[in-house]
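Trainee: Residue strings, one per chain:
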Amino acid sequence: MAERRIRTYSEVNHDTGSGILEQVEAQGARLARRLAAIDRLVVVASGKGGVGKSLVAANLAAALARRGLQVGAADADLNGPSLGRMLGVAGAKLEVREDGVVPVRGAEGVRVMSMDLLLASDDAPLRWREPEGAGFAWQSVLETGAVREFLSDTDWGELDALIVDLPPGTDKLQRLLQLVPDPGVVLLVTTPTEVARFVVGKSIALVREARVRRFGLVANMAGHACEHCGAQTSLFDPEPAVRMAEETGVPLWARIPFHPAIGAHTDAGRPIVAAEPDSEAARAFEELAAKVMA
Amino acid sequence: MKFLCVDCDRVMDFAERQLPGDGTMAAVFRCDRCEREVAMLTNPMETRLVSGLGVKVGGRTVPDQPMELVRSTVADGREDAFADGEAAGGEAADGPTVAPVGPPPRPGSVAWSPQARERLQSVPSFVRGMVKRIYTEWAWEQGIVEMTPETMDRARAELGMEGM
Chain A
1 MAERRIRTYS EVNHDTGSGI LEQVEAQGAR LARRLAAIDR LVVVASGKGG VGKSLVAANL
61 AAALARRGLQ VGAADADLNG PSLGRMLGVA GAKLEVREDG VVPVRGAEGV RVMSMDLLLA
121 SDDAPLRWRE PEGAGFAWQS VLETGAVREF LSDTDWGELD ALIVDLPPGT DKLQRLLQLV
181 PDPGVVLLVT TPTEVARFVV GKSIALVREA RVRRFGLVAN MAGHACEHCG AQTSLFDPEP
241 AVRMAEETGV PLWARIPFHP AIGAHTDAGR PIVAAEPDSE AARAFEELAA KVMA
Chain B
1001 MKFLCVDCDR VMDFAERQLP GDGTMAAVFR CDRCEREVAM LTNPMETRLV SGLGVKVGGR
1061 TVPDQPMELV RSTVADGRED AFADGEAAGG EAADGPTVAP VGPPPRPGSV AWSPQARERL
1121 QSVPSFVRGM VKRIYTEWAW EQGIVEMTPE TMDRARAELG MEGM
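Chains as they are written, first to last, in the numbering used here: chain A, 1 to 294; chain B, 1001 to 1164.
To be clear, the hints were calculated from the coordinates, so they are not data collected in a lab.
Every value quoted in this text rests on a predicted model; they were computed, and no experiment measured them.
Incorrect hints may appear among the rest.
As the list claims (entries may be wrong) - Footprint (simulated), chain B over chain A, 3 or more residues, beta carbon under 8 Å:
1) 5 to 16
2) 19 to 27
3) 96 to 108
4) 118 to 130
5) 142 to 151
Claimed, not checked - Residues from chain B that keep clear of chain A, each with C-beta distances beyond 12 Å, as calculated:
6) Cys1034
7) Glu1035
8) Ile1144
9) Glu1150
10) Thr1151
11) Arg1154
12) Glu1158
13) Leu1159
Just so you know, even glycine gets a beta-carbon here, dropped at the ideal spot from N, CA and C.
Produce the entire structure from the sequences given, and follow the hints as far as they go.
Mentor: Given below as structure tokens:
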């Protein structure tokens, strides 16, 4: 009996009528249309957790808005959303329009979208409706889809800058760069520790591999600003962030001094750039804002 | 994913989708030459995986809804997180009638029977407004003046809204 040959998938051009590929392309087109109205997408990432990404994102957004720019802030940290609260929005109802969900106005008029606005209570973890037992199989699919919808289905309007606050993990940065292959700016937040330097180094490699055109380091908790005289002293010596910049050739765009008031103001939903605009930390964020928009 | 009728060497076309409501899906494909049909049956995990991609087997029958994936998959959403209907001047999402958000005004409206409204309550509140809006839009297009549990079944199957 002669062996029959069945045509391979790639040999068959006829679509079944589902148009799956077209549906996926339509998602991409919708995202591209939305981003076309945004002058600059600024990704705040790290790879390392607990380095202050959201704090940097919130203050950068507020600093840009204080320069008279139209600014949005997308909280891509779905499982630990904090950007909304740092910008003073919580519990707001989201208006749904034909062209998208209207973001909530936060501190300095920043337009905010966050999973925090969608969850039932402050202590409600993000859970997905899914069959029992194998959620791990598609959780990353759902999370990537949710971030895509935050970007494409939020009616951001015309923006000068959209800040995207990523959760920790190099993989999260990788997924975002697959959704948005050419972001305007990527900021890699680090702290002056060897461990942070080690982890953030992986993000640098990833950003370089993705051929991101503009990226820089932000050293959070870099030194301490005296509450009385504003004089700065180093908390760590030598500063690994500075060494990282020197060794990798990635510019160090900002050194945000440690200041207890930053945390207090942020917890109150008021970025320090608005609460204490004359502080050293606020000035550092203002300089960062200028570099981002340069 | 494609289905090839081996005898005819032709790709089978999507013909029908059924969502029995238990998380599974049946998608029927037909050969346009010999008219042989096969049904692809997916278990709840496979069904969820496909819907998690934001795509529908058999193609979309209604336009993408804003944040459709988030609203249909987040389990513990805040009940009043989204203001569907109200923004367009319609009644609240769980009221007796509702006008669609965004699309141009249409004559008349679709009534929801008490049984349909009761069944709608079983849809998670986080996504209820969106579901009601989509079903109402579908009913308009079908010339249906009253939504009942039976028409909800039809809408769910035709729109491919598993779990809603």
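Trainee: Decide, holds or violated, for the assertion that all CB atoms of chain A are farther than 12 Å from the CB of Thr1151(B).
Mentor: holds, 24 Å
Trainee: Counting residues of the region 5 to 16 of chain A that have a beta-carbon nearer than 8 Å to any beta-carbon of chain B, does the count reach 3?
Mentor: Three-residue rule met by the region 5 to 16 of chain A, so holds; n is 7.
Trainee: With 12 Å as the threshold, tell me whether Leu1159(B) passes as away from chain A on beta-carbon distances.
Mentor: holds, 14 Å
Trainee: Checking the smallest CB distance to chain A, is Glu1035(B) really beyond 12 Å?
Mentor: holds, 15 Å
Trainee: For Glu1158(B), is the shortest beta carbon distance to chain A beyond 12 Å?
Mentor: holds, 14 Å
Trainee: Confirm or reject the coverage of the region 19 to 27 of chain A by chain B under the rule of 3 or more residues with a beta carbon closer than 8 Å to the chain's beta carbons.
Mentor: With 6 residues in contact (Cβ-Cβ under 8 Å with chain B), the coverage given for the region 19 to 27 of chain A holds.
Trainee: Beyond 12 Å from every chain A Cβ: check whether that's true for Cys1034(B).
Mentor: Fine: 15 Å to the nearest Cβ keeps Cys1034(B) off the interface.
Trainee: Confirm or reject the coverage of the region 142 to 151 of chain A by chain B under the rule of 3 or more residues with a beta carbon closer than 8 Å to the chain's beta carbons.
Mentor: Our answer is that it holds, as 6 residues pass the Cβ test (under 8 Å) against chain B, meeting three.
Trainee: Is the listed coverage of the region 96 to 108 of chain A by chain B valid when you require three or more residues with a beta carbon under 8 Å from a beta carbon of that chain?
Mentor: holds (count 6)
Trainee: Just checking, Ile1144(B) versus chain A, shortest CB gap more than 12 Å?
Mentor: holds, 22 Å
Trainee: For Arg1154(B), which was marked as not at the interface, is the minimum beta-carbon distance to chain A over 12 Å?
Mentor: holds, 20 Å
Trainee: Given as covered by chain B, does the region 118 to 130 of chain A meet the bar of three residues or more with CB within less than 8 Å?
Mentor: Coverage by chain B holds for the region 118 to 130 of chain A (11 residues, Cβ < 8 Å).
Consistency note: the structure conflicts with none of the earlier hints.
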